[in-house]
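Chains A and B, in that order, are what the protein sequence lines are. Each step along the first sequence adds one to the number in the numbering used here, with nothing skipped, and position 44 is 44. Each step along the second sequence adds one to the number in the numbering used here, with nothing skipped, and position 41 is 41.
Because the hints were derived from the structure by calculation, they are not lab data. Small disclaimer: the values here were computed from a predicted structure and weren't measured. Wrong hints could be hidden among the right ones.
[To be verified] EDC-like, lysine to aspartate or glutamate: derived pairs with alpha carbons at most 20 Å apart:
hint: 1; chain 1: B; residue 1: 59; chain 2: B; residue 2: 127
hint: 2; chain 1: B; residue 1: 136; chain 2: B; residue 2: 120
hint: 3; chain 1: B; residue 1: 136; chain 2: A; residue 2: 49
hint: 4; chain 1: A; residue 1: 9; chain 2: B; residue 2: 205
hint: 5; chain 1: A; residue 1: 9; chain 2: B; residue 2: 161
hint: 6; chain 1: B; residue 1: 139; chain 2: A; residue 2: 56
hint: 7; chain 1: B; residue 1: 139; chain 2: A; residue 2: 49
hint: 8; chain 1: B; residue 1: 220; chain 2: B; residue 2: 157
[Stated by the list, open to error] Chain B regions said to be covered by chain A (calculated; three or more residues, Cβ under 8 Å):
hint: 9; region: 33–41
hint: 10; region: 144–155
The beta carbon of each residue, even a glycine, is placed where N, CA and C say it ideally should be.
Chain by chain, the residues run as shown.
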Amino acid sequence: MSTKNTPPKALIEWPLWEIFVRSKQGLEHKHCGSLHASDAQHALQMARDVYTRRQEGVSIWVLPSNSITASAPDDKGEFFDPASDKIYRHPTFYAIPDEVGHM
Amino acid sequence: MSNLDYVLHLADNAVVLGQRNAEWCGHGPVLEEDIAMANNSLDLIGQARMLYQYAATLKNDGSTEDSLAYFREDKDFKNYTLLELPHHGALVGYAVDNRDYAVTIVRNFLYSAFMALAWEKLQNSKDEHLAAIAAKSLKEVRYHLRHSHDWLIRFGDGTEESNTRAQNALNHLMPYTQEFWTACAYESHAVEAGVGVSTGQIKSDWKTLVGNTLAEAKLKLPSSQGFVTTGKHGAHSEHLSFLLNEMQSLARAHPEGVW
Numbered sequence: 001m002s003t004k005n006t007p008p009k010a011l012i013e014w015p016l017w018e019i020f021v022r023s024k025q026g027l028e029h030k031h032c033g034s035l036h037a038s039d040a041q042h043a044l045q046m047a048r049d050v051y052t053r054r055q056e057g058v059s060i061w062v063l064p065s066n067s068i069t070a071s072a073p074d075d076k077g078e079f080f081d082p083a084s085d086k087i088y089r090h091p092t093f094y095a096i097p098d099e100v101g102h103m
Numbered sequence: 001m002s003n004l005d006y007v008l009h010l011a012d013n014a015v016v017l018g019q020r021n022a023e024w025c026g027h028g029p030v031l032e033e034d035i036a037m038a039n040n041s042l043d044l045i046g047q048a049r050m051l052y053q054y055a056a057t058l059k060n061d062g063s064t065e066d067s068l069a070y071f072r073e074d075k076d077f078k079n080y081t082l083l084e085l086p087h088h089g090a091l092v093g094y095a096v097d098n099r100d101y102a103v104t105i106v107r108n109f110l111y112s113a114f115m116a117l118a119w120e121k122l123q124n125s126k127d128e129h130l131a132a133i134a135a136k137s138l139k140e141v142r143y144h145l146r147h148s149h150d151w152l153i154r155f156g157d158g159t160e161e162s163n164t165r166a167q168n169a170l171n172h173l174m175p176y177t178q179e180f181w182t183a184c185a186y187e188s189h190a191v192e193a194g195v196g197v198s199t200g201q202i203k204s205d206w207k208t209l210v211g212n213t214l215a216e217a218k219l220k221l222p223s224s225q226g227f228v229t230t231g232k233h234g235a236h237s238e239h240l241s242f243l244l245n246e247m248q249s250l251a252r253a254h255p256e257g258v259w
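Excised from the complex, chain B in its bound form (with noise of 0.2 Å):
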């Protein structure tokens, strides 16, 4: 078993946020914020490229960075169930004007904060070129954690509406979170091979980040219990393949085009 479902795993996960982050685009709250989610985006896309160009290379059997994109089904998608999630609570419809900051706030701060633990380690993976990778996609993620978690103490320690709908936020995404620490034969693989990071190990420190923050903001740590999403392992909820359809739709409408 090589370390490719491990690497597919670390390139979905940023591809997929890149793709639901650059919906934003355009549409931002307000421009200066617009374009900081738009780099945001850029930042993760391009860290997406690295993984998925790295990957092709373990294949080995003619796979590009954009077949591996834009032509595996969302089956073979190994993001975090937490990422594909619309930017809006769990039982509002698809409508644009539905979408919510506070909810890409807190996915951003949530996830940002678990990747800065994660790139940190994987700076000293055993597999050089990952953790070439990782040097690089620290710094992006350290300033996502940084523009997220000023975001959420401004939301939380805000207005009333603000700290509704950041709570409302929490609320709803921290039961996604539990995947991180959930085992996987791939990740398991890939730890024992001293080249994958053991989230085991950045648990606590993701905690206590987490708790601090939201305590700062005045917010309250939601319960992480519940049912445990399984994305990693290929089984998505329903807005994956929708995100999908739209992100591959150009590449298979024009196969092998360039431009």
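In isolation and in its complexed conformation, chain A is listed as follows (with noise of 0.2 Å):
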């Protein structure tokens, strides 16, 4: 069995990797999934299959999971419940001028 500092033979050849898509030219890569595979062009082949193959996508972005960083969970009050409270910071208190239109 795997320790914490040493994770399983098959995630070592087969890391894991976020898979991004693009589902129209002009929109942004969305994060859609993961999977495990040996390399970037292997991932990139299986994220083909895997995540477009209803036509989901134009173009797919790869990258190794353990190249992000992210916050902590425990983070998560000092973090994020600071801004609930800031309603002031949405721009919702200002008069729009008609002349602008829709916005």
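Please assemble the complex out of the two chains, which come individually in their own frames, going by the hints.
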């Protein structure tokens, strides 16, 4: 069995990749899932078969999951809660002049 | 003589390999590869549908894509013998556990390398219908080629085990590719009519493609001598009737069933 410091052999040989798919020209790439693959080209091909077989995409990005630095769940309080009572940060208190039209 | 048999030959190739590869559905070596192989099968079955629909209009006797796929006997099928073989070496049984993904990949590589060249030429067929089917199928088969080519290199240039399996699969399957180049009346007729592709014209390109890939994969090009199979003439190995039995049983149990 693996310990915290030594991941299973399969994870070393086939690490995890995060997959981003652009659904249409001009739109941004959106995260759509992850998969295991041996290298970037391999991940790209597998992503093509797993995530774009129903015409979901026109472009794919893959990147190694371990290159992502994520915020820790324990930090949720200090990271995100302070924003909850700052409604004035939403630009909804401005009267929009009629000439501007629809925004 | 119409080009019906030639169209059926192309259709039977697609449906038989599509059915074979579909055996991996739910049993693939890893999840992503399971889906990739199911995609490959669906591409082939899609090609078969277009070709059978076209064949039915050529036949013009009330045949449909379903009657052509499900109600013809094994001796009527004109697919290459290579495509009906099980996913394992020559001397093991039918057990699912004996399937070897190296056989699957090597066959897909040898066949998609051949069809990538054939569909490319068929885009210029004098038969506009066939040319249109070729244009659509070419994109699909180019991806099948890329997929099987990449895996073949990973297998050949991978571990000792993967190299041995890929080499054994090549040794087993390569002699069956002789059938690509044999003469056949309906094929010659289609070529003379400007409808079909003369496989002799793509032989050297195919050999170069296969040779280069095997060199990159550190695999040895095996002999392709020996018995020349005759599937495209309707004389098949013992494996086709088992495959058809499974594929056709539902349609035959519920003729004209719709769902």
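Each hint tested on the structure:
| no. | hint | in the structure |
| --- | --- | --- |
| 1 | 59/B <-> 127/B | holds (15 Å) |
| 2 | 136/B <-> 120/B | holds (10 Å) |
| 3 | 136/B <-> 49/A | holds (18 Å) |
| 4 | 9/A <-> 205/B | violated (40 Å) |
| 5 | 9/A <-> 161/B | holds (17 Å) |
| 6 | 139/B <-> 56/A | holds (18 Å) |
| 7 | 139/B <-> 49/A | holds (14 Å) |
| 8 | 220/B <-> 157/B | holds (12 Å) |
| 9 | 33–41 | holds (count 4) |
| 10 | 144–155 | holds (count 4) |
The structure fails to meet hint 4 from the earlier list, while all remaining hints are met.
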